[in-house]
Structure formats: C-alpha cells, structure tokens
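Peer 1: With these hints in hand, go ahead and build the complete structure from the sequences.
Number of protein chains: 2
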Amino acid sequence: MSLLVVGSTAYDTIHTPQGAREECLGGSATYFSLAARFFGEVRLVSVVGRDFRDADLDLLRERDIRTDGLEVAEGETFRWTGKYAADMNHRDTLSVSLNVFGEFRPKVPPSWTSTPFVFLANGHPSVQASVLDQMEKEPCFVVADTMDLWIETARDDLLALLKRIDGVVLNDEEVRMITGEHNLIRAGERLLDLGPKIAIVKKGEHGSFLFSPFFQFALPAYPTTEVRDPTGAGDSFAGGFMGFLSGRDRVSLGNLKRAMAYGTVAASMTVESFGVDRLAGVAFPELEGRYQDFLQFIQF
Amino acid sequence: MSLLVVGSTAYDTIHTPQGAREECLGGSATYFSLAARFFGEVRLVSVVGRDFRDADLDLLRERDIRTDGLEVAEGETFRWTGKYAADMNHRDTLSVSLNVFGEFRPKVPPSWTSTPFVFLANGHPSVQASVLDQMEKEPCFVVADTMDLWIETARDDLLALLKRIDGVVLNDEEVRMITGEHNLIRAGERLLDLGPKIAIVKKGEHGSFLFSPFFQFALPAYPTTEVRDPTGAGDSFAGGFMGFLSGRDRVSLGNLKRAMAYGTVAASMTVESFGVDRLAGVAFPELEGRYQDFLQFIQF
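Chains as they are written, first to last, in the working numbering: chain R, 1 to 300; chain A, 1001 to 1300.
Just so you know, the hints here were simulated from the structure itself, not pulled from any lab data. The beta carbon of each residue, even a glycine, is placed where N, CA and C say it ideally should be. Be aware that one or more of the hints could be misleading.
With a straight-line cut-off of 30 Å between C-alpha atoms, the simulated DSS-like cross-links for lysine-lysine are [to be verified]: (1) Lys1083(A) - Lys203(R); (2) Lys83(R) - Lys1203(A); (3) Lys1203(A) - Lys257(R); (4) Lys1163(A) - Lys1203(A).
Selected chain R positions facing chain A (in silico; Cβ < 10 Å) [to be verified]: (5) Asn183; (6) Arg186; (7) Lys203; (8) His206; (9) Gly207; (10) Phe209; (11) Phe215; (12) Ala218; (13) Leu219; (14) Pro220; (15) Val227; (16) Leu295.
Peer 2: Right, dumping it as structure tokens:
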C-alpha cells in the first residue's frame, strides 16, 4: 500500500569529526522517503525554494518517490548547519534558515487523500494536524515525530495531535520531557496514556524500544564501525519502519518488530556517509542482506 | 561444574534518589556469587574483617555459596560510600576504606585448584594473575573484570593478564580506555587482539554487547520500571553469565547468548532494591520466569 510523508526538504551543511560537507540534500522527508522507497509507493509532501537543484529532484524521482506534493515556492530552500561533537552523539546547530519551510502549509494532492499509511515528520503539531484534516478517508496507520521545541512551546497542540494518531516516534529525552517521568519504561507507558497505540523510542547508538499496551520490544542498533554523519538517522529509521509496514497486509506484532529491524538497518546505512549519499545508493538486495546480518546479531 | 570467584566483600553505604541505606552487604564477589548460585556450586575467595556479621555469612551459606575461601582477617571489612545522580547512571564515591581488602592476597583452597570456571572480579591485575598461578589444573574458562584505575596505573599487568584469560567483562568507557578507540565496535574488535577470545561490554540501561572473532551479539537491558539502587548490577550480570555457563557442558555460541540473557535478568533483580536484598531473595523459578519474559521482549 502507499505511504504519505509530510516533512522538510533541506540543504544541510554538516561538520563531523570525519570531515565537513556543504549543501547536502537533507531534511526529514527526504531521509524518510529514501529509506521507505524499497517497500512500496512513497508520496512526498514538502516544500523547496526556487534554488532546489534539478539533480536532487531527479535523485528522488529516479528512486520512484512521487513528488506531486513537492511544492516549489518563491524563496530559498530550508538551510541547516550543524556540528557534531567527537562522540557523534551530541550536535550543535550553528545556523538555521527556515526560508520557504517557515511558511509551509502542507497541501495533500487530492488523489493522495486516501493514502492508508501516513508519516508526519517533525513540524509544528498544528501543521501536522492540518494534514490529517485533509485526508478524505481515515488512514489506517498514522505515525508522527516531534521535537523538544514543540513539547515546550506547543504542548496543547501536541497533546491534541497524540489523540488522533496511531503511533509516535521520539528520542528518549523527548519521551521524558512529554511525560515528566525519568524512568524510560514508565515514561513509555505513560506516553500511551496520552493517546497513541504504539510509541517507538529511538536511542541512537543504543537502539530502539517499542511500547504498546500489550507488549514491549527492544532492539540494539546495528553494529556500525563507520559513522561519518549521523544526520538523518532517526528519519531513516522511521522511513524503514513505516515503509516496511506499508508493504504488509496488517500491522501485527511480528510486522512491527520486523519493521523496527528494517528501520535500524536503514539508519545504519545513512550514518555511513555524509547526507543521503549512502542511503540513496542502496539497492534492495543490499538492504535485505544487512537485515539478515542484523537478525544474526540479535537472535538466539 | 563448579565456579570459582575471587573478589571483594564489602559493607556499602548507598545514597540514591530513592533513598539511602547504611552498611549493606556488598562487594563484587558477593553480588557475583548470589547471581551465580542458581546454576551450580559457587566457590567464594574473598576477605572480610572481624566485624563481618554472622547473619551475612549465614546469608551466603544458606544459598549454597561455599565460603571455605572466605578469609577472616584482623581489621575491618572493606567499606564504600557512594551517591548516585538523579539519572542513576553516574555515581560519586564519597569515601573508600579498603581495610582488610587492601592487603588481600587471595588464597585458593587446595581442593579448589582444579575448578573449571573462574571469575576474577575487579582487582589489581597482578593479584588477579596470582589466582591463575595457584590453579593446579588449567581452568576451562576464565573471565576477568577490571576498572579505569588499573587501566591507568597497571596497564602492563593488565595487558599481561589479558593474554592468560578467555574472556573479559568491561563497561563501554573501559573498552575505549584500553584500546584508545572511540567507536565501540572497533574498540571491541581491538580488545580481542589483546588476547581474550570474547569480550563482553556492559552498557547499563542500554544492555550488553558480546564480541568474539566469529560473531557479535547484542542484548538490550531488561525493561525495569523500578530502579532503586544500581550498585552491583555489573557483578550480578557477570554472576548470571558465568553461573549459567558453568552449568552447561560447553561454552557454545548459543550458551554464550543465553548466559548473557541470564546475566541481564540477574542484574535487573539487583537494581530493584538496595544492596543484595532483592537478589538474595530470588528463587530459581522467579529468575527463570523473568528470563522467559525477557525472551519475549527481545525475540522476533
């Protein structure tokens, strides 16, 4: 089945201990789409400026990502510059220019308003909610991401959104911020009281955690020896996760677990190069091969 | 088969965000023994002072821990006072009095010098090596722990020890310190170049990692909602791990994985109360029940 993603497209300038790269194609929706594309049709709703490079549009289209919902607005594409610490786990934002993304009001193309799987990448929760308002047919599975900024400044909108979605993908600090609970297990359980049926907590190099009312599940990260640039790892995880689910006939326990493993593998590809270079170059057999390696690494 | 452990016995005073407790029975060999006792005979080599409480000796003996090698020396038992930060992941040592443990020269009772499984809990690497010198028959499986102090101050002794043992149990920072490699996967691989056939990296709430020349394996931590006192979690992990292995007929890949899961479960018991209260009160069916729960939590 098809999968709709709404989020940012950006040009990133990235400094890591492994080097620096300017103006890489990035953004949450870009990483998500490139990780989700292996499993079915991905429908991208985002915005870029007039400066968006044809080569980057081609990169998306050549990988069967549908760009009918990629708006080209007057102005410049979202720019972000960040610098990672030596351990790659912390980063400082050196500059942000929202540009056309600052006024982004996502418009879901009419032919996409019955898309069964929806991912709302990080954005203001009222903007995320506006996407759901546009859906003519209620999607079968909606997952959203968020960030500390919205937890602090748009808490009521975020709490309202949580009641309308099936799942949420967050990092460990964000779960603690929303719930005010330090213990991660209790924090995850409380998050479910706020609405979503499942909550996935991303812990970076420490793996990921799935909460649901009926079971919990944890995965370590893929054992990567090459980490060049962690940018986009979380969105790639979400893309692999949602992509795999959208290709299955139901959101079962087993499929949720497998989806987390595909998300883990997609994220491990992303971090091996700057920007989307590695992820965009992966073909399905390579992804599947790494998935099988990962199963060996975690299974009894 | 039987299992020999050489390490400390202590009285700990512990402050955590959940409260404080004075003079709890503790020490690496104590936690280790209490976690290992479910699987076979545990032989304890340690030292206490004249102030060691009869009730604590009874606690060990009633749980079938063999104390023939527990020396009672003139002076006082090892004392440690520590305080945990709000996140329970960091602790400060407020005071240490090594007392009789400062002069501890482990003496393996003659009838124990053919013990097939040996665990060298944290101590000066030359003291750890002295235990191996006393073994009449080469043990089939020797694992050692260490700490940052010895990595810094007794590096040559530690490197010599690593060439004589089968496995090492460390936390992530210690592996990085020994190898000078930040990436944990590469650090683990380099550690194996120094001698041991396997290296287990403990990551606390983030689980554990097994390195060997032929495979790698990772486990998340048990999803504990009650963390009252993390003291002894690492030694309990090692005890569950070595205990389970000592009860098997061979150190196979499958048994190493299962042993890590038992170690994880034993550690999760330990942290639920101050000191050894919870761990000492566990009977095997409860441990096994939690092991089965843990398998559900990690398996596809």
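Peer 1: Work down the list of hints and note, for each, if the structure agrees.
Peer 2: Hints versus structure:
no., hint, in the structure
1, Lys1083(A) - Lys203(R), "holds, 26 Å"
2, Lys83(R) - Lys1203(A), "holds, 26 Å"
3, Lys1203(A) - Lys257(R), "holds, 23 Å"
4, Lys1163(A) - Lys1203(A), "holds, 24 Å"
5, Asn183, "holds, 6 Å"
6, Arg186, "holds, 5 Å"
7, Lys203, "holds, 7 Å"
8, His206, "holds, 4 Å"
9, Gly207, "holds, 6 Å"
10, Phe209, "holds, 7 Å"
11, Phe215, "holds, 7 Å"
12, Ala218, "holds, 4 Å"
13, Leu219, "holds, 7 Å"
14, Pro220, "holds, 4 Å"
15, Val227, "holds, 7 Å"
16, Leu295, "holds, 7 Å"
In this structure, none of the earlier numbered hints is contradicted; all agree with it.
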